[in-house]
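**Q** Chain by chain, the residues run as shown.
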Amino acid sequence: MNILIKEIQADRLKKNVPELNVGDTVKVFVKIKEGGKERTQGYEGVIIKRHGAGADQTMTVRRVFQGIGVERVFPLHSPRVEKISLVRRGDVRRSKIYYLRERTGKATRIKEKIGARLEQAAEVPAEANA
Amino acid sequence: MTVGLLGRKIGMTQIFDKEGLVVPVTVVKLGDNIVTECMTKEKNGYSAVQVGGFKTLERKLTKPAMGAFKKRELPPCKPLKEFRVEDSSIYKVGEPLKVEDILKEGMLVDVRGRSIGKGFQGTIKRFHAGRGPMSHGSKFHRSMGSIGAGTTPGRVYKGVIMPGHMGDQNKCIRHLKVVEIDTAKGVLLIRGSVPGVEGQIVVVNPSKTKWNA
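Here the protein sequences line up with chains L and W, keeping their order.
First residue of the first sequence? That's 1 in our numbering, and the numbers climb one at a time after it.
First residue of the second sequence? That's 1001 in our numbering, and the numbers climb one at a time after it.
Everything labelled a hint here was simulated from the structure, so no lab data went into it.
Beta carbons: idealized from backbone N, C-alpha and C, even for Gly.
Incorrect hints may appear among the rest.
Stated by the list, open to error - Label pairs and their in silico Cβ distance ranges:
| no. | chain 1 | residue 1 | chain 2 | residue 2 | range |
| --- | --- | --- | --- | --- | --- |
| 1 | L | A107 | W | K1185 | 48 to 54 angstroms |
| 2 | W | H1136 | L | K106 | 40 to 46 angstroms |
| 3 | L | T104 | W | H1136 | 56 to 62 angstroms |
| 4 | W | L1057 | L | S95 | 43 to 49 angstroms |
| 5 | L | E102 | W | G1167 | 54 to 60 angstroms |
| 6 | W | P1153 | L | G52 | 52 to 58 angstroms |
| 7 | W | K1055 | L | K27 | 35 to 41 angstroms |
| 8 | W | V1160 | L | T104 | 55 to 61 angstroms |
| 9 | W | K1092 | L | G52 | 55 to 61 angstroms |
Claimed, not checked - Cross-link-like lysine-lysine pairs, in silico, DSS-like; alpha carbons within 25 angstroms at most:
| no. | chain 1 | residue 1 | chain 2 | residue 2 |
| --- | --- | --- | --- | --- |
| 10 | W | K1125 | L | K15 |
| 11 | W | K1185 | L | K14 |
| 12 | W | K1018 | L | K83 |
| 13 | W | K1139 | L | K6 |
What the hints assert, rightly or not - Partner residues are not named here, just some residues of chain W that face chain L (Cβ under 10 angstroms, in silico):
| no. | residue |
| --- | --- |
| 14 | G1011 |
| 15 | G1020 |
| 16 | V1025 |
| 17 | K1029 |
| 18 | E1180 |
| 19 | K1185 |
This is chain W alone, in the form it adopts within the complex:
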């Protein structure tokens, strides 16, 4: 995983490409992305860079969390995210990450975020299971069918689909195209949809593909 950027999902809209075709895009407003710490192999056992997503108020952080910022004379940031890198010495604590260094227009990115919570859902919505007829005297509508055989094996196999909580999970959508980068506004336009509700914090990472070379 290379260094990525934190941002907030704003919402979706449409733009037109060169040929006049409609492109569905998600608007992501990038955060401050301030380098808060550089982990080194000698000191921490691994090499990484810690990034603070958005500048926040002092009272929004706990005193121990605030202590770390005070020690390095940094503005309070939230949330903190670590990115593993080969060499962390090129990043300087206190400096913001530049969009231009990490992303280019046309690049493929992975976007991580927490998906929209759907609550307790049945197997039909949760796992796309089939359902029974809704009419013609049928009494089997949306409930589950069989969950396995009888005496043999005498138990329910692990991993059988059942109702339960759906959504509100960390999700990653891979290989989305960056349509446009607006550095003045600090906005990314990413083709397609991105996990989470509007206002959700998302992490945008360059994808590990041959097309990004």
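Isolated chain L (complex conformation):
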């Protein structure tokens, strides 16, 4: 990436984004507008895809809600994404775990990464970013 573009992005990047990997279970707190009011909603699921670099980074989070698979794409540095907390580190071999789409029930389980430092990444408060 061009140095100048990196400079422009630098002050727009969030500082409280934890180290995220494909296969991790995360809880994303998203600001939503409802009838003129703003509130935060949590969304928990498994990261199946990471995309982009710098300010353009996104992740796709999959969860099964009422028997229907839902996938949402979150730009990591978006002001709408208030906080991302790590729930569980997953151990997967692929960088895109699209195979979860074809699986249901017990088959969707992901091995937990042993020795992963979970607390460190999750503890940073959202306010630190401002």
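Following the hints, put chain W in place on chain L, whose structure we already have.
**A** Frame of chain L, contents of chain W only:
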């Protein structure tokens, strides 16, 4: 056409607006934009201001071109671009154009540049013509179809789409929004894409619209 600014296309990125929505932007690094000459109606027959885009090295210019800069005691600039104006007397030779005077955040601009060269291309890519089936025994894939009728008119009409060189043309994209101006860095963030490769010289002009008033 009013006075515009010369700059270099750096590349594209994304930023977030007030509501948290993603805005795709092109980063344009502005040049030095030094006024090199003021054309007047009396002297030149038209009123315009000539702007030198980027300061360059003396050895990069030819001797005749360098002569013009030496005569006016200016640093060598490249490229030179003329902008037609109503009154050129307000511009002073040797002074750089100020971004604040010409552009404001939220303004619509026209961006001119040379588009990316695509080489010799067929009608499908060049003019979005249709193509034949690629399988099921078809032998007509991507080639051209008919280029006209037979005996009447007995010739091929002018302007029929055919393969040829694509891209590497002067292009203008109109009505792009200026999202942000960073005067310290000399950088413009323009919403959407801009013609040319990264590093390409582009000319940014305020658009002639009612929204710019």
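**Q** Determine for every hint whether it applies to the structure shown.
**A** Verification of the supplied hints:
no.: 1; hint: L:A107 x W:K1185: 48 to 54 angstroms; in the structure: holds, 52 angstroms
no.: 2; hint: W:H1136 x L:K106: 40 to 46 angstroms; in the structure: holds, 44 angstroms
no.: 3; hint: L:T104 x W:H1136: 56 to 62 angstroms; in the structure: violated, 37 angstroms
no.: 4; hint: W:L1057 x L:S95: 43 to 49 angstroms; in the structure: holds, 46 angstroms
no.: 5; hint: L:E102 x W:G1167: 54 to 60 angstroms; in the structure: violated, 42 angstroms
no.: 6; hint: W:P1153 x L:G52: 52 to 58 angstroms; in the structure: holds, 54 angstroms
no.: 7; hint: W:K1055 x L:K27: 35 to 41 angstroms; in the structure: violated, 53 angstroms
no.: 8; hint: W:V1160 x L:T104: 55 to 61 angstroms; in the structure: holds, 56 angstroms
no.: 9; hint: W:K1092 x L:G52: 55 to 61 angstroms; in the structure: violated, 46 angstroms
no.: 10; hint: W:K1125 x L:K15; in the structure: violated, 44 angstroms
no.: 11; hint: W:K1185 x L:K14; in the structure: holds, 21 angstroms
no.: 12; hint: W:K1018 x L:K83; in the structure: holds, 18 angstroms
no.: 13; hint: W:K1139 x L:K6; in the structure: violated, 50 angstroms
no.: 14; hint: G1011; in the structure: holds, 5 angstroms
no.: 15; hint: G1020; in the structure: holds, 4 angstroms
no.: 16; hint: V1025; in the structure: holds, 9 angstroms
no.: 17; hint: K1029; in the structure: holds, 6 angstroms
no.: 18; hint: E1180; in the structure: holds, 9 angstroms
no.: 19; hint: K1185; in the structure: holds, 7 angstroms
Consistency with the previously given hints fails for numbers 3, 5, 7, 9, 10 and 13, ordered from lowest to highest.
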